[in-house]
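Novice: The listed protein sequences derive, respectively, from chains G and W.
Residues 267 to 377, numbered by the working numbering, are exactly what the first sequence covers, in order.
Residues 496 to 607, numbered by the working numbering, are exactly what the second sequence covers, in order.
Source of the hints: derived by calculation from the structure; they are not laboratory data.
In silico BS3-like links for lysine-lysine, alpha-carbon gap of 27 Å or less:
1. W:K552 x W:K508
2. G:K308 x G:K322
3. G:K364 x W:K552
4. W:K552 x G:K308
5. W:K508 x G:K308
6. G:K364 x G:K308
7. G:K364 x G:K322
8. G:K308 x G:K376
9. G:K268 x W:K552
10. G:K333 x G:K268
Some chain G residues flagged as far from chain W (calculated, every beta-carbon gap over 12 Å):
11. P280
12. G320
13. Q336
Not everything, but these chain G residues come out facing chain W in the computed CB check (under 10 Å):
14. P310
15. L312
16. A356
17. F365
Note that beta-carbon positions come from the ideal geometry of N, C-alpha and C, so glycine has one too.
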Amino acid sequence: QKEVEQNSGPLSVPEGAIASLNCTYSDRGSQSFFWYRQYSGKSPELIMFIYSNGDKEDGRFTAQLNKASQYVSLLIRDSQPSDSATYLCAVNFYNFNKFYFGSGTKLNVKP
Amino acid sequence: KAGVTQTPRYLIKTRGQQVTLSCSPISGHRSVSWYQQTPGQGLQFLFEYFSETQRNKGNFPGRFSGRQFSNSRSEMNVSTLELGDSALYLCASSSRGADEQYFGPGTRLTVT
Chain G
267 QKEVEQNSGP LSVPEGAIAS LNCTYSDRGS QSFFWYRQYS GKSPELIMFI YSNGDKEDGR
327 FTAQLNKASQ YVSLLIRDSQ PSDSATYLCA VNFYNFNKFY FGSGTKLNVK P
Chain W
496 KAGVTQTPRY LIKTRGQQVT LSCSPISGHR SVSWYQQTPG QGLQFLFEYF SETQRNKGNF
556 PGRFSGRQFS NSRSEMNVST LELGDSALYL CASSSRGADE QYFGPGTRLT VT
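One chain only, chain G, in its complex shape (with noise of 0.2 Å):
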């Protein structure tokens, strides 16, 4: 089992939706949490962070964490043709300080 998983997609959603990207990880002990954006030939961008237990909301972004279930999930509300992206979860265990990333999703909003 992988230490961070994510389905690959695509997803596709209607301009204005609202996209949801999940990501589920193997308990490795404490850990925080990031969510990345790279667009085709870019390099990733960081969209969020959490460390906590719950919902963190920035801008059109929420990212929700639930440790008892070990997942991780990214909401882009009113979803727009430029987050046209792949979106990369990654997890940082502590006790390994590193980070292990997903092999990210692919969204794509359709105009």
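Based on these hints, arrange chain W on the given structure of chain G.
Specialist: Structure of chain W alone, referenced to chain G:
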């Protein structure tokens, strides 16, 4: 605040050669991590340096090495290049290592 910079941005090498890539982290960041990204394997962790010490290493052969200088700038070296080393090499910096990482633009390495 300036972001993470990487040089060179593009590189073409032939098999058997060696290459050195450079990364300058965000000012004040002491942790630098290196990753290899390929279409088939995704983001693969190479190693992480903090205050000139390698704290962690991924599952790559010894041909891949790195170092960090006192100003936190980091270099990675790949010796005896193979075709399979063609990839986007990314470095990311963070203040402590366990907190949020910020990526540089990457170095696109092509081995022919």
